[in-house]
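Novice: Listed below, chain by chain, are the residues.
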Amino acid sequence: MVITLNGKPLQITPVNNLQDFLDALETENTAAIPPKQFAVALNSEFVPNSLYASSPLSDGDVVELLIPMQGG
Amino acid sequence: MWTLADTQLNSRLLLGSALYPSPDIMCRAIEASDSDVVTVSLRRQSFDGADGEQFWQLLKSLELRLLPNTAGCHSAKEAITTAQMARELFGTRWVKLEVIGDDYSLQPDPFALLEASKELIAQGFEVFPYCTDDLVLCEKLMSAGCRILMPWGAPIGTGKGLINPYALRNLRQRLPEATLIVDAGIGAPSHASQAMELGFDAVLLNTAVAQANVPVKMARAMGLAVEAGRLAYEAGLMHQQDTAKPSTPTLGTPFWHQNHE
Numbered sequence: 310m311v312i313t314l315n316g317k318p319l320q321i322t323p324v325n326n327l328q329d330f331l332d333a334l335e336t337e338n339t340a341a342i343p344p345k346q347f348a349v350a351l352n353s354e355f356v357p358n359s360l361y362a363s364s365p366l367s368d369g370d371v372v373e374l375l376i377p378m379q380g381g
Numbered sequence: 272m273w274t275l276a277d278t279q280l281n282s283r284l285l286l287g288s289a290l291y292p293s294p295d296i297m298c299r300a301i302e303a304s305d306s307d308v309v310t311v312s313l314r315r316q317s318f319d320g321a322d323g324e325q326f327w328q329l330l331k332s333l334e335l336r337l338l339p340n341t342a343g344c345h346s347a348k349e350a351i352t353t354a355q356m357a358r359e360l361f362g363t364r365w366v367k368l369e370v371i372g373d374d375y376s377l378q379p380d381p382f383a384l385l386e387a388s389k390e391l392i393a394q395g396f397e398v399f400p401y402c403t404d405d406l407v408l409c410e411k412l413m414s415a416g417c418r419i420l421m422p423w424g425a426p427i428g429t430g431k432g433l434i435n436p437y438a439l440r441n442l443r444q445r446l447p448e449a450t451l452i453v454d455a456g457i458g459a460p461s462h463a464s465q466a467m468e469l470g471f472d473a474v475l476l477n478t479a480v481a482q483a484n485v486p487v488k489m490a491r492a493m494g495l496a497v498e499a500g501r502l503a504y505e506a507g508l509m510h511q512q513d514t515a516k517p518s519t520p521t522l523g524t525p526f527w528h529q530n531h532e
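Which chain is which? The protein sequence lines are A and B, in order.
Sequential numbering from 310 applies to the first sequence in the working numbering.
Sequential numbering from 272 applies to the second sequence in the working numbering.
Quick caveat, the hints were computed from the structure, so don't treat them as lab data.
Please note that a few of the clues may not be correct.
Said to hold, decoys possible - Listed below are the simulated DSS-like cross-link pairs for lysine-lysine, each with C-alpha atoms no more than 30 Å apart in a straight line: (1) K317/A - K348/B; (2) K431/B - K488/B; (3) K431/B - K411/B; (4) K331/B - K516/B; (5) K389/B - K348/B; (6) K345/A - K317/A; (7) K348/B - K345/A; (8) K345/A - K331/B; (9) K431/B - K516/B.
On a predicted model such as this, the values are computed, not experimentally measured, just so you know.
Go ahead and model the full structure; you've got the sequences and the hints to work with.
Specialist: Below is the structure:
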């Protein structure tokens, strides 16, 4: 399946949900290792970390993975 | 001490964490400023290995209140989603709400700002809206539940100071219940003092410190300026007048002065 992660299409072995996707990022050598501190949006909707495992993922979904940065 | 969103703070200077020459200088500048609140942001994880972990650890070591922003958002929807992500990421319900309406001036979109404010307040956020000095917009933001308003002094990063002090003074007079913070446009300590002399509750700035030749010194200067301006406001400024009036008492003037009569 293809998931767009932070604007880049990513070909991965099919997964069922967001948690499986994040786990797969580490195991599939995608060069997109999840950071320790992050927040996720799926198709432009925020997903609390408590709902990763119950958020289904489909081919073509768009995932945004945001991390802390400096700001004014 | 003063109260910001039910939180007791010492400093009335809120400082940004961006644009410093190095993380070490950022930390020393924040310390020199005596600020209790630092603004932060979110960005996409890149694929180059940067994961924000170092910055996150630095933030934690500073033990300050964090104020995440929604910089770069151009719609209410984007800002709401970003605020939700920031709440989880930084562990705070405070959000500096930015919804940009014009890319050239970075002027906020007042309509989207109001829409996003209503939704985020309904979701339990403490919204710090980055707004213009438009009185009607500020009144509507307060009606929506904003206790804090952050009108610009000038466009972000320009350092032009308070372009419209009349409008800012008017906001202070018309909205005595609001916590008013000048956000953006401050370029010099005198600008920060001026905002505080107008009766604003605090000042938020970033570039003027981060891009100074010596950021740590400028941070200290800004902290002192904010404190001086607040003291002046509390003391009460004298009324201006058009004619000169001697400050030295004329009683007992030495004899040679009387030769002029």
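Novice: Now look at each hint and say whether the structure bears it out.
Specialist: Evaluated hints:
1. Of the supplied pair hints, the one linking K317/A and K348/B holds, its CA atoms being roughly 22 Å apart against a limit of 30 Å.
2. A distance of roughly 20 Å separates the Cα atoms of K431/B and K488/B; the hinted pair therefore holds under the 30 Å criterion.
3. Restraint check for K431/B and K411/B: the C-alpha separation of about 27 Å stays at or below 30 Å, so the hint holds.
4. For the suggested pair K331/B and K516/B, the alpha carbons sit about 55 Å apart, so the restraint of at most 30 Å is broken.
5. Restraint check: the Cα-Cα separation between K389/B and K348/B comes to about 12 Å, which is no more than 30 Å; the hinted pair holds.
6. For the proposed pair K345/A and K317/A, the alpha carbon gap of about 20 Å is at most 30 Å, so the pair holds.
7. Between K348/B and K345/A, the direct Cα distance comes to roughly 26 Å. Compliance with the 30 Å bound is thereby established for this hinted pair.
8. Taking the CA atoms of K345/A and K331/B, the gap is near 14 Å; set against the 30 Å cutoff, the hint holds.
9. For the given pair, K431/B sits about 33 Å from K516/B by alpha-carbon distance, which is inconsistent with the 30 Å threshold.
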